[in-house]
Amino acid sequence: QKEVEQNSGPLSVPEGAIASLNCTYSDRVSQSFFWYRQYSGKSPELIMSIYSNGDKEDGRFTAQLNKASQYVSLLIRDSQPSDSATYLCAVEESGAGSYQLTFGKGTKLSVIP
Amino acid sequence: EAGVAQSPRYKIIEKRQSVAFWCNPISGHATLYWYQQILGQGPKLLIQFQNNGVVDDSQLPKDRFSAERLKGVDSTLKIQPAKLEDSAVYLCASSLDITQENGELFFGEGSRLTVL
Chain V
1 QKEVEQNSGP LSVPEGAIAS LNCTYSDRVS QSFFWYRQYS GKSPELIMSI YSNGDKEDGR
61 FTAQLNKASQ YVSLLIRDSQ PSDSATYLCA VEESGAGSYQ LTFGKGTKLS VIP
Chain G
1 EAGVAQSPRY KIIEKRQSVA FWCNPISGHA TLYWYQQILG QGPKLLIQFQ NNGVVDDSQL
61 PKDRFSAERL KGVDSTLKIQ PAKLEDSAVY LCASSLDITQ ENGELFFGEG SRLTVL
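Top to bottom, those sequences are chains V and G. Taking the working numbering, I'd label the letters of the first sequence as residues 1 to 113. Taking the working numbering, I'd label the letters of the second sequence as residues 1 to 116.
Looking at chain G on its own, in the form it has when it is part of the complex (with noise of 0.2 Å):
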């Protein structure tokens, strides 16, 4: 099986471009989530979406990071205009739904970012 597909793995920008990223999860995941670990801390979740939905985006800097999942299946992160503070590991994982039974996070390796 397939596990979560992230691309591209490296991406280093000035700051106040802008960059984005592509996460398929695993075949058949509803929920799908984007984290964001900075150097030496744990994933911090962004955003999580339940098929196309958005469940919880509270932690999302609306200002300069939007994601969408379109169709319920890939998603992209999108930071514009990027800031230094942004530089991290931007880490997609995917879930058979939200219950506790199903509720095991599979990630992907992640797309690190570099803003110069």
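Next up, chain V with everything else stripped away, as it sits in the complex (with noise of 0.2 Å):
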């Protein structure tokens, strides 16, 4: 059974503070890595996607990848209120014919005014 594993939190952080989240997955070979933001109530909504090993930014957001390590992570810069959701990380499964995503349960980040 692949895993990802994420901190459960509450993730309390001040407003224009650095929000670091965390991740780890169990399956070697996987290749592709995402972030998705999931407000209460709502479904997911894919806000980062990384698949090279290093930094990728875009905007706020910067996703980092190790695959040595089976870790990737999401650093959310100058947080916002708005910010405050769970944050779900989702790791890619490949097999014959199919291309899926194992998520994990999810950190909860709460942004502080």
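Some clues are possibly wrong.
Capping the alpha-carbon separation at 30 Å, the derived lysine-lysine pairs in DSS-like fashion look like this [stated by the list, open to error]: (1) V:K105 to G:K11; (2) V:K105 to V:K2; (3) G:K83 to V:K108; (4) V:K105 to V:K56; (5) V:K42 to G:K15; (6) V:K56 to V:K67; (7) V:K2 to G:K83; (8) G:K44 to G:K15; (9) V:K67 to V:K108; (10) G:K44 to V:K105; (11) G:K71 to V:K42; (12) G:K44 to V:K108; (13) G:K78 to G:K44; (14) G:K71 to V:K108; (15) V:K42 to G:K44; (16) G:K78 to V:K42; (17) G:K78 to V:K2; (18) V:K56 to G:K71; (19) V:K105 to G:K71; (20) V:K42 to G:K11; (21) V:K42 to G:K62; (22) G:K71 to G:K44.
Rather than coming from a laboratory, the hints here were simulated on the basis of the structure. Just so you know, these numbers come straight off a predicted model, no measurement behind them.
These two chains come separately, so use the hints to put the complex back together.
This is the structure in structure tokens:
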């Protein structure tokens, strides 16, 4: 059973600070990694994808991937109250004719004004 | 562009009753997924379709759950008979296809099931 592990939180940060969210995964052959944001009562929405080792930046968001350590993280700079949500880490599993995502349980982030 | 449509949004049933959920994916999306999300957990894949064929249903409890995607567009997920532990949000998602380049998932708003 492939696993994706996240600290469930809650993680509380003050407005304007950097929020750091972490994720580890068990399948060494995974090649694609995603961060989804899920507001309470809403469906997940994709905010970042990363496929290569290193950093990928998009606005206030930076995804970091280290395949050797099987570790992926998301940094949110200048955190805003609107960033308060659950962040889901998802890891791709590819098999014969399939491409699907395994999700972690999510980390709940609260940004305090 | 219209997103993934799901209905009903909410459903309350007694245990041992049956329920059906409907999903209409984004136009042109070949791949359709049903996920189950229990409160406080991440989505868990139940079944994956590519056009009208099943790619993976290994985590679908087949003694009570069934799903179909006739004509490769709309899909229905049925639970019969329902158990208390089936209380969850059932998320439908679609993607263009099953490659890394086109594998981004787009989720519907979900169908929230409460089994009493």
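For each hint given before, does the structure comply? Return the numbers of the non-compliant ones in rising order. 14, 18, 19
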